[in-house]
Amino acid sequence: MTTLAQPSQPVQSRASRQRELWRRFRKTWPGYLFISPAGLLITVFSYIAIIFSLYISFHQYDIISEARPFEGLENYTRALSDKLVRISFRNTFIYVIVIVPSITIISLLLAVLGNQVRRGRALFRTVFFIPTITPIVVTSMLWVWLYEPTGGINRLLEMINIEGPNWLFNPATALPAIMIMTIWGAVGYYMIIFLAGLAEIPEVFYEAAKVDGAGRWHTFWSITIPLLRNSLIFAFVTLTIAAFQVFTQVFIMTQGGPMNSTQTVQMVVYHYAFQRFEMGYASAISWLLFGVIFFFSALQLKLFISRELY
Amino acid sequence: MARTLSSPGSGEREQSKLLLAATRRSFIIIVYVLLIALAFSMIFPYLWMLANSFKSRTDFFTNPYSVIPMPPTLSTYYDALTIGRMGVYLGNSILYAAAVLIVQLLIDSLAAYSFARVDFPGRETLFLAVLATLMLPGSVTLIPTFLIAHGLGLTNTFTGVVLPGFAGAFGIFLLRQFFLNIPRELEDAARIDGSGFFGTYWRIMLPLAKPAMVTLGVFIFLNEWSSFVWPLIILSDWKKYPVTVGIALFRDVNQINWPAVFAGSTIVSFPIVILFVLAQEYIIGGISLSGLKG
Numbered sequence: 001m002t003t004l005a006q007p008s009q010p011v012q013s014r015a016s017r018q019r020e021l022w023r024r025f026r027k028t029w030p031g032y033l034f035i036s037p038a039g040l041l042i043t044v045f046s047y048i049a050i051i052f053s054l055y056i057s058f059h060q061y062d063i064i065s066e067a068r069p070f071e072g073l074e075n076y077t078r079a080l081s082d083k084l085v086r087i088s089f090r091n092t093f094i095y096v097i098v099i100v101p102s103i104t105i106i107s108l109l110l111a112v113l114g115n116q117v118r119r120g121r122a123l124f125r126t127v128f129f130i131p132t133i134t135p136i137v138v139t140s141m142l143w144v145w146l147y148e149p150t151g152g153i154n155r156l157l158e159m160i161n162i163e164g165p166n167w168l169f170n171p172a173t174a175l176p177a178i179m180i181m182t183i184w185g186a187v188g189y190y191m192i193i194f195l196a197g198l199a200e201i202p203e204v205f206y207e208a209a210k211v212d213g214a215g216r217w218h219t220f221w222s223i224t225i226p227l228l229r230n231s232l233i234f235a236f237v238t239l240t241i242a243a244f245q246v247f248t249q250v251f252i253m254t255q256g257g258p259m260n261s262t263q264t265v266q267m268v269v270y271h272y273a274f275q276r277f278e279m280g281y282a283s284a285i286s287w288l289l290f291g292v293i294f295f296f297s298a299l300q301l302k303l304f305i306s307r308e309l310y
Numbered sequence: 001m002a003r004t005l006s007s008p009g010s011g012e013r014e015q016s017k018l019l020l021a022a023t024r025r026s027f028i029i030i031v032y033v034l035l036i037a038l039a040f041s042m043i044f045p046y047l048w049m050l051a052n053s054f055k056s057r058t059d060f061f062t063n064p065y066s067v068i069p070m071p072p073t074l075s076t077y078y079d080a081l082t083i084g085r086m087g088v089y090l091g092n093s094i095l096y097a098a099a100v101l102i103v104q105l106l107i108d109s110l111a112a113y114s115f116a117r118v119d120f121p122g123r124e125t126l127f128l129a130v131l132a133t134l135m136l137p138g139s140v141t142l143i144p145t146f147l148i149a150h151g152l153g154l155t156n157t158f159t160g161v162v163l164p165g166f167a168g169a170f171g172i173f174l175l176r177q178f179f180l181n182i183p184r185e186l187e188d189a190a191r192i193d194g195s196g197f198f199g200t201y202w203r204i205m206l207p208l209a210k211p212a213m214v215t216l217g218v219f220i221f222l223n224e225w226s227s228f229v230w231p232l233i234i235l236s237d238w239k240k241y242p243v244t245v246g247i248a249l250f251r252d253v254n255q256i257n258w259p260a261v262f263a264g265s266t267i268v269s270f271p272i273v274i275l276f277v278l279a280q281e282y283i284i285g286g287i288s289l290s291g292l293k294g
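Taken in order, these protein sequences are the chains called A and B.
The letter at position 47 of the first sequence is residue 47 when you use the working numbering, and the numbering goes up by one with no holes.
The letter at position 35 of the second sequence is residue 35 when you use the working numbering, and the numbering goes up by one with no holes.
These aren't lab readings, by the way, just hints derived from the structure by calculation.
Keep in mind that a hint or two might mislead.
Claimed, not checked - The calculated label-pair distances, taken between Cβ atoms and stated as ranges, are:
(1) B:180 x A:83: 49 to 55 Å
(2) B:67 x A:157: 18 to 24 Å
(3) B:134 x A:80: 25 to 31 Å
(4) B:192 x A:300: 32 to 38 Å
(5) A:156 x B:202: 35 to 41 Å
(6) B:56 x A:67: 38 to 44 Å
(7) A:300 x B:74: 48 to 54 Å
(8) A:303 x B:255: 48 to 54 Å
(9) A:157 x B:128: 50 to 56 Å
(10) B:95 x A:86: 28 to 34 Å
(11) A:294 x B:82: 44 to 50 Å
(12) B:210 x A:216: 41 to 47 Å
(13) A:303 x B:151: 51 to 57 Å
As the list claims (entries may be wrong) - Far from chain A, by Cβ distances over 10 Å, these chain B residues were calculated:
(14) 14
(15) 69
(16) 142
(17) 157
(18) 167
(19) 214
What the hints assert, rightly or not - Chain B is faced by these chain A residues, among others (derived, beta-carbon under 10 Å):
(20) 35
(21) 47
(22) 48
(23) 129
(24) 132
(25) 136
(26) 142
(27) 185
(28) 189
(29) 216
(30) 245
(31) 247
(32) 252
C-beta: ideal position from N, C-alpha, C; glycine also.
Please construct the entire structure, taking both the sequences and the accompanying hints into account.
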């Protein structure tokens, strides 16, 4: 029956749908007015910005000169053979590969262990959170001081008879020094994320495990980890995206040195864009970084989500 | 299980119970030692910062790692505020943070209310377009944002620093979730009383959304107060620098004036400590929420 009536319907429904839409519009137009300030800003600073960025990445573009010739893929091919870019990508990869798992594992352990103790739980939570809310500029400056040859870190090492290096001025230790500080500063934030996830796990699961005689270790692997899946995905993906764009710590602590050993992609983008004013070239590098970030986040989401839900 | 139940001697069972209690206790002790050690590592750098900010130059150079200044002095603060120009930077930071806080809360909540409650054509698509921008890495938008600001003549201006922060996709998302959970009856009553769209938003929805607005407000403030890269790029005149850029520049001079850096750092951290004490639950609640949503 319905199939028979169909041919005449589209004409009628299009007209009536338009009337319906118009009626809805007349009743709800203030809605557009309300979203327009946010809409305008997001359009300009996100959508137009990203199209503009893509556009200039194909051009030779600086602020001063009027001539901005189209260059096709030249900025991209130049980036691929630029030694500085290659070093920065290598350093950034090392940085990401070290800090993302470290922060995830340490903060997860802190959350699980913190939940075991009764006294002072709130105090620990507060203390671990201090580095997270302190501006990264302040924390970085403090660690520059702690990393001095006779600074706090080396004095601590001296107590166990280790002669510490000149952390930030030695190409072998500068990047590890920045990574240690970043891990130290971030675990408190992710601990909060995991504590919230742990609070969502119903107590009955643990009681059931106890009745079955499961040990602490077994309970952790078969209940806590699977049920923390959402928090784990969130931590891993957001950490990866942020780590690939590391900038402020490096800018303050080493400026990319010594001997480019801490040069990261975002540092190089900054260098080309705002010190040498090669905006087009810098944009091309930032798109390469975006591609890498996109690839890895998509990969992580795919890996995590393809695992079966418990 | 079965074996323990059928085991004859009750003394043996007692013993294993005791052993279990002992392992549990030693486990808890190890956990405490670990947590306390880590807690110390997080407290001490900031404690040194505070202590050193009250030390005289000679005291700092002889005892940089003592936590009690001998004798305590305010001269570093005087240096930081005058020679270090901290006073100017602090005023700028307050101005930037206040402007972004107020305007973003207003713009975000208006948009969020509209997305939650006004059924205008194309609403879902537009909301998705807002959410999609959350995926954009800041590294890609940095250069074009600078060029757009430059094109609008906003480099090295107050407006240039704050304008891109006036709307936030995360804030719109957070507040919309909150508005969706407010019962519709409240607004219907207001509408019957003759309130328009704006009146309902202003008189009914905003007061009800106070907890969400406070949470978002704390995050906006913390973000703007700590922001470094954008002001560093858009500003060229030190008279307009926020504190974060100012502190980083203490370093640019050949030798780092550490006592002044510590005083400056203490000054920047102070409002955050106050905020943290007052709004800790909001901060932790907000972070937990963002994690659960993910």
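Hints versus structure:
1. Between residue 180 of chain B and residue 83 of chain A the beta carbons are some 52 Å apart, a value that agrees with the proposed interval 49 to 55 Å.
2. The hinted window of 18 to 24 Å between residue 67 of chain B and residue 157 of chain A holds, with their beta carbons roughly 20 Å apart.
3. A beta carbon spacing of about 29 Å between residue 134 of chain B and residue 80 of chain A agrees with the range 25 to 31 Å that was offered as a hint.
4. Roughly 50 Å separates the CB atoms of residue 192 of chain B and residue 300 of chain A, a value that falls outside the hinted 32 to 38 Å.
5. Taken as a hint, the range 35 to 41 Å is violated for the pair residue 156 of chain A and residue 202 of chain B, whose Cβ atoms sit roughly 56 Å apart.
6. Taking 38 to 44 Å as the suggested C-beta distance range, the pair residue 56 of chain B and residue 67 of chain A does not conform, at roughly 58 Å.
7. For residue 300 of chain A and residue 74 of chain B, the Cβ-Cβ distance of about 51 Å falls inside the hinted range of 48 to 54 Å, so the restraint holds.
8. Residue 303 of chain A and residue 255 of chain B have their C-beta atoms about 49 Å apart, which keeps the hinted 48 to 54 Å range intact.
9. A hinted range of 50 to 56 Å for the beta carbons of residue 157 of chain A and residue 128 of chain B is consistent with their spacing of about 52 Å.
10. A hinted range of 28 to 34 Å for the beta carbons of residue 95 of chain B and residue 86 of chain A is inconsistent with their spacing of about 42 Å.
11. With their beta carbons about 48 Å apart, residue 294 of chain A and residue 82 of chain B fall inside the hinted range of 44 to 50 Å.
12. At about 42 Å, the CB distance of residue 210 of chain B to residue 216 of chain A agrees with the hint of 41 to 47 Å.
13. Here the CB-CB span from residue 303 of chain A to residue 151 of chain B is close to 42 Å, at odds with the stated 51 to 57 Å.
14. Residue 14 of chain B, annotated as away from the interface, keeps every beta carbon of chain A farther than 10 Å; the closest lies near 19 Å.
15. The beta carbon of residue 69 of chain B is kept farther than 10 Å from every beta carbon of chain A, the shortest such distance being approximately 16 Å.
16. A beta-carbon of chain A is positioned within 10 Å of the beta-carbon of residue 142 of chain B; the least distance is around 7 Å.
17. For residue 157 of chain B, the condition that its CB be more than 10 Å from all CB atoms of chain A holds, with the nearest at approximately 16 Å.
18. The non-interface label for residue 167 of chain B is inconsistent with chain A: the shortest C-beta to C-beta separation is roughly 4 Å, within 10 Å.
19. With a least CB separation of 16 Å from chain A, residue 214 of chain B remains clear of the 10 Å interface cut-off, as annotated.
20. Among the interface hints, the one on residue 35 of chain A holds; its C-beta lies about 4 Å from the nearest C-beta in chain B, closer than the 10 Å criterion.
21. Nearest Cβ of chain B to the Cβ of residue 47 of chain A: about 8 Å, under the 10 Å cut. The hint holds.
22. Of the supplied interface hints, the one on residue 48 of chain A holds, with its beta-carbon coming within about 7 Å of a beta-carbon of chain B, less than 10 Å.
23. Because the smallest distance between the Cβ of residue 129 of chain A and any Cβ of chain B comes to about 8 Å, under 10 Å, the interface hint for this residue holds.
24. Taken as an interface hint, residue 132 of chain A checks out: its beta carbon lies about 9 Å from the nearest beta carbon of chain B, inside 10 Å.
25. Because the beta carbon of residue 136 of chain A sits about 6 Å from the nearest beta carbon in chain B, less than 10 Å, this interface hint is met.
26. For residue 142 of chain A, the interface hint holds, since its Cβ comes within 10 Å of a Cβ in chain B; the closest pair sits about 5 Å apart.
27. At about 9 Å, the closest approach between the beta carbon of residue 185 of chain A and any beta carbon in chain B falls short of 10 Å, and the interface hint on this residue holds.
28. Because the smallest distance between the Cβ of residue 189 of chain A and any Cβ of chain B comes to about 7 Å, under 10 Å, the interface hint for this residue holds.
29. Look at residue 216 of chain A: its Cβ gets to within about 8 Å of chain B, closer than 10 Å, so that hint holds up.
30. About 5 Å separates the beta-carbon of residue 245 of chain A from the nearest beta-carbon of chain B, less than 10 Å, and the hint is met.
31. Annotation: interface hint on residue 247 of chain A holds; nearest CB of chain B at approximately 6 Å, less than 10 Å.
32. Satisfaction of the interface hint for residue 252 of chain A is found here, the shortest Cβ-Cβ separation to chain B being roughly 6 Å, below the 10 Å cut-off.
Comparing the model with each numbered hint stated earlier shows that hints 4, 5, 6, 10, 13, 16, 18 do not hold.
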